[in-house]
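Residue numbers (our numbering), protein chains in the order written: chain A, 3 to 133; chain B, 3 to 133.
Hints were generated in silico from the structure; no laboratory data involved. Every residue, glycine too, gets a C-beta built ideally from N, C-alpha and C. Don't take each hint at face value.
Claimed, not checked - When the alpha-carbon atoms are kept at most 20 angstroms apart in a straight line, the in silico EDC-like pairs for lysine to aspartate or glutamate are as follows:
1. B/K14 to A/D13
2. B/K114 to A/D82
3. A/K14 to B/D84
4. B/K114 to A/E7
Stated by the list, open to error - Each pair of labels, with its calculated beta carbon distance range:
5. B/S55 to A/D113: 22 to 32 angstroms
6. A/A27 to B/V117: 20 to 30 angstroms
7. B/D82 to A/V122: 16 to 26 angstroms
8. A/A27 to B/R47: 33 to 43 angstroms
9. A/G76 to B/Y129: 39 to 49 angstroms
10. A/S57 to B/R126: 21 to 31 angstroms
11. A/A111 to B/P125: 32 to 42 angstroms
Stated by the list, open to error - Simulated coverage check for chain A against chain B, where a stretch passes if three residues somewhere in it have a Cβ under 8 angstroms from a Cβ of chain B:
12. 19-28
13. 31-42
14. 62-75
15. 80-89
2 protein chains.
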Amino acid sequence: MSNWEKVIDFDKAGGMVPVITQDEATGEVLMMAYMNHEAFAETLRTGRACYFSRSRNRLWRKGEESGNVQEVRGVYVDCDADTLLLKVRQTGGAACHEGYPSCFFRRVADDKLQVIAGRVFDPRQVYNTNA
Amino acid sequence: MSNWEKVIDFDKAGGMVPVITQDEATGEVLMMAYMNHEAFAETLRTGRACYFSRSRNRLWRKGEESGNVQEVRGVYVDCDADTLLLKVRQTGGAACHEGYPSCFFRRVADDKLQVIAGRVFDPRQVYNTNA
Numbered sequence: 003m004s005n006w007e008k009v010i011d012f013d014k015a016g017g018m019v020p021v022i023t024q025d026e027a028t029g030e031v032l033m034m035a036y037m038n039h040e041a042f043a044e045t046l047r048t049g050r051a052c053y054f055s056r057s058r059n060r061l062w063r064k065g066e067e068s069g070n071v072q073e074v075r076g077v078y079v080d081c082d083a084d085t086l087l088l089k090v091r092q093t094g095g096a097a098c099h100e101g102y103p104s105c106f107f108r109r110v111a112d113d114k115l116q117v118i119a120g121r122v123f124d125p126r127q128v129y130n131t132n133a
Numbered sequence: 003m004s005n006w007e008k009v010i011d012f013d014k015a016g017g018m019v020p021v022i023t024q025d026e027a028t029g030e031v032l033m034m035a036y037m038n039h040e041a042f043a044e045t046l047r048t049g050r051a052c053y054f055s056r057s058r059n060r061l062w063r064k065g066e067e068s069g070n071v072q073e074v075r076g077v078y079v080d081c082d083a084d085t086l087l088l089k090v091r092q093t094g095g096a097a098c099h100e101g102y103p104s105c106f107f108r109r110v111a112d113d114k115l116q117v118i119a120g121r122v123f124d125p126r127q128v129y130n131t132n133a
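Chain A extracted, bound-state conformation (with noise of 0.2 angstroms):
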């Protein structure tokens, strides 16, 4: 882990790149964050996904508080350099802090939206929040 930063465009996105997380598994796509430099080093070091929060500002490593960790089984880089893709094993069966598998719950039908999948937890009873 050395010189990705020159490998790795993280400065089209000002200093991140976005990220695609799919399960290895099943092949369902579950997510999409950001990783900076030091998330994307840290995620190499220690075979779990840690992105970058933009609303928090800070590393979020992914399953600190769900306990639902993804362990990375490969990182893939776009044609451009400027994307992401992980393939992980989702621990607990839930990437979506709502509950489900995948955050891509909902799908367009028509003129709405139709959710497509059930909950795997209850986000009350797993976060402390009021949300």
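Please build the complex by placing chain B on the supplied structure of chain A, with the hints as guidance.
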């Protein structure tokens, strides 16, 4: 197709949302691009993926040069409504302008990138450029 601007958060990324495109049949993640509201509306209307090219600053009808259009099989919205997932049938078997099936044709292996896919076409024979 009317009030998607109210449902989908086009504001967070300056009038655009990131879009992950996945091969519906194989589950392979093909690429990531962006849509503004106009591209999103056209995609829904025509059933073919239309993105917004940030480098060319115009609508980008995927396959307009290469012929490798993407027939849309499903459009999904994430929990924050700021990212889309498109499931498509990829004409020509290649989404990447470099001739690979997926833009994510390189894997992080130790301290370098390893090409893990073969080319489906030679970009020099498909695009009218000197690249």
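- Query: Cβ-Cβ distance between B/D82 and A/V122: within 16 to 26 angstroms?
  - Reply: holds (18 angstroms)
- Query: Lying within 33 to 43 angstroms: is that true of the beta-carbon distance A/A27 to B/R47?
  - Reply: holds (35 angstroms)
- Take the stretch 80-89 of chain A, compare each residue's beta carbon with every beta carbon of chain B, and decide whether three or more fall closer than 8 angstroms. holds (count 5)
- Assessment of proposed distance window 20 to 30 angstroms (beta carbons of A/A27, B/V117): For A/A27 and B/V117 the Cβ distance comes to about 24 angstroms; the hint holds.
- Is 22 to 32 angstroms a correct range for the gap between the Cβ atoms of B/S55 and A/D113? Given a distance of about 27 angstroms, which is inside 22 to 32 angstroms, the answer is holds.
- Hint consistency between A/K14 and B/D84 [alpha-carbon to alpha-carbon, up to 20 angstroms]: Satisfied, since the Cα-Cα distance of roughly 19 angstroms is no more than 20 angstroms.
- Item | Pairwise beta carbon distance, A/G76 to B/Y129, judged against the given window 39 to 49 angstroms | At 29 angstroms between Cβs, range violated.
- For the stretch 62-75 of chain A, do at least 3 residues have a Cβ located nearer than 8 angstroms to some Cβ of chain B? Check failed, 0 qualifying residues.
- For the pair supplied as a hint, B/K114 and A/D82, confirm whether the alpha-carbon distance does not exceed 20 angstroms. Holds, at roughly 16 angstroms.
- Message: Taking the Cβ atom of A/A111 and the Cβ atom of B/P125, is their distance within the range 32 to 42 angstroms?
- Response: Since A/A111 and B/P125 have Cβ atoms about 37 angstroms apart, the given range 32 to 42 angstroms holds.
- Query: Mind checking, does the stretch 31-42 of chain A have 3 or more residues with a CB under 8 angstroms from chain B?
  - Reply: With 3 residues closer than 8 angstroms to chain B, the stretch 31-42 of chain A meets the three-residue bar; holds.
- Message: Verify the CB-CB distance for A/S57 and B/R126 against the hinted window 21 to 31 angstroms.
- Response: Taking Cβ atoms as reference, A/S57 and B/R126 lie about 44 angstroms apart, which means the hint is violated.
In summary, the numbered hints that this structure violates are 9, 10 and 14.
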